[in-house]
Amino acid sequence: MTRFAWLPEFETRLQTAGIAAHAEKEAPPARALRVAPAEWGLAATVAAQYGCRWAGMWAEADEARMRLYCVLDYAGDPLLLSAEAPLETPEFTSQTPHFPAADRMERHARDLFGVIFTDHPDPRRWTRHRAWPEHWHPLHPDQAGDSPAPGRTPADVDYPFAPVHGNGVFEIPVGPVHAGIIEPGHFRFHAAGEPVLKLEERLGYVHKGIERLAVGRDPAALARLAARVSGDSTVAHTWAACQAMEGVTGVEVPPRALALRGLLAERERVANHLGDIGAICNDVGFAFAHVQTARLRERWQRRSRECFGHRLLMDTLIPGGVARDLAAAGRDALRADHVALRREIGPLFDIIDDHPPLDDRLVGTGVLSREHARALGCTGYLGKASGCNFDLRRDAPYAPYDTLEVPVVTDSEGDTAARVRVRMAEVLASLDLMDQLLDAMPSGETAAPLPTPPPDAIGLGRVEGWRGETLAWVRFDDEGRIARYFPRDPSWFYWPALERLIMGEIVPDFPVCNKSVNGSYSGVDL
Amino acid sequence: MLRILAHILRTGIVTEPPPTINDAALETLGLELRRAIDVRFGRSLALRFIDAGSCNGCELEVHALANPYYDLERFGVGFVASPRHADALLVTGPVSRHMETALRRTWLAIPSPKFVIAAGQCACDGGEFGVSYASYGAVENVVPVDVKIPGCPPRPEDLMLGLLASLHSKIEG
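Residue numbers (full-length UniProt numbering), protein chains in the order written: chain A, 1 to 526; chain B, 1 to 173.
Possibly wrong hints are sitting among the right ones.
If you want the footprint, here are the derived chain A segments under chain B, 3+ residues with CB under 8 Å [stated by the list, open to error]:
| # | segment |
| --- | --- |
| 1 | 170-183 |
| 2 | 295-303 |
| 3 | 442-451 |
It should be emphasised that the hints constitute simulated quantities derived from the structure, not laboratory data.
Just so you know, even glycine gets a beta-carbon here, dropped at the ideal spot from N, CA and C.
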């Protein structure tokens, strides 16, 4: 099927529902439609019924208008839906009733911009804790100055968690500071005995103002910021931001740079999966697997530093290409590494796959059904383990994946064991992809200078990061600087999925369920 | 079980010797133990870790300290689950405003004498995020800092060197 062949039918559906949709300036690869702010929610109903995947939303504002965007994906085609309202009355209907995944992103837009959703079911603050006064929104055009509340920030102690009533029901508050070495966030469990009746997350603790820090940056500086949206997904976020900027400037990224980006993204995938597979095993007391994968990951990171200059691959991508070429010796070393890693993980993965004590804890634990995974918009290993067969590298391929065959591994069980299996299969698939990339590595330049973008240019970047579909939205101002940047990490959909899959599980299984999902805090707190 | 034992035997020991601590290294680390530590703890250092707003890059490298190449615990440096059990606080990230109170309370909960290690560029000077409406930047803007380990993120060797140097000073001091 050709790209966007479904769009006329979708537009007819909108029309039938009484929605007038106007074609807007495209942000390649996305097509764009605009609807009235009052029809924002209804348009989502139509999209949900049509079978679109809801892939994220964000707000933008200038002196006169508030604008909302959301990305709807159908068969890998991104449709950018927008709506505009006057800045004084930025009122829109909510998409949350139709796409539960929209809930937190709408609250985020409300907190940061002062967007008003007339029928949003949840009035509570999300990203803004208690640092700023009620009517101060850090990204609203009238409030460009610094915070009007310079004193100490009070603890967010009065967040009204939804209560659960009943005999013997008790609450377990956890966080924001956890016992281990992880990011801060708060979990509120309601339990009766051991089974969890409900888990509610309270995030936003590592909100450091990324979206406002981006404003006024040049493309190179934006790439550096994007590299630090989520430390474990540095390649994915930098690539998505670069793609968004490159799409609108007409730069021809050299083929060698694209191949190297693919290599870097797969290296990031392998490193994270290795670490997580071990950490999941460790959470149920199988230290052997943890030590072995930690050893392999360490060697992998050392090679990353040797070949690309950074253990986590930060700042290896720059707008227009990559920061550093891969030398011939590095290429040989990587090939040898791939052979060695395959040899090592063969028996190791066999043990993990077939170790009854491990199965006892992982099989059937933390099940996310396909219906829930779909409804919540999960991509990446979380979606794949629950049977959602989607991968941008195959379904909406960008270079260098457009010339490769990307095997997409899915599972139907949706439990913690399935998430481990999917990760193990992805490590093997990545090794094959990296070998193919090394074999067909084009010669030539590794970066092209980025031309000045046309005024008010907009761009959308979409990359299949190790955690799943990663988006970046960029708007340039008239001087070629960044006027708006929104990175949408897959974790926005992972966190609600965790709340769902822990229901009915026992409290002691929470750590391993959480680890198998591994949502990023920094990636959503922004 | 046999498969596991065979795998362990095949793997062998990969642990490496620690980086050497010399005065120059201490100098470059910017070791600033401001207060004389009047009590000796013995040859161990219990750390409470707190992420005050990082991107999670530093955490990945702090985790790496536990892998068999570094095996930090062999030097008596370990992470504890409660600040009440800690000698020192290891902080990463620029301090987000939302973590200010949590950081301050964690620091207060550590019994004195105590010291604070800022790990990573953001914790040392604000890094890429700096001071903004949402962030206080460097950790020393919120709680007193004794040792700074720069790097984005610092490599495990840098972290190890910084931690061993702290331990060293503490015992000497």
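Here's how the hints hold up against the structure:
Given as covered by chain B, the segment 170-183 of chain A passes the check, having 7 residues with a CB less than 8 Å from a CB of that chain where 3 are the minimum. Using a Cβ-Cβ cut-off of 8 Å, 4 residues of the segment 295-303 of chain A lie near chain B, which meets the minimum of three, so the contact claim holds. Chain B is given as covering the segment 442-451 of chain A, and this is violated because 0 residues of the stretch bring a CB closer than 8 Å to a CB of that chain, at least three being needed.
In this structure, the one hint that does not hold is number 3.
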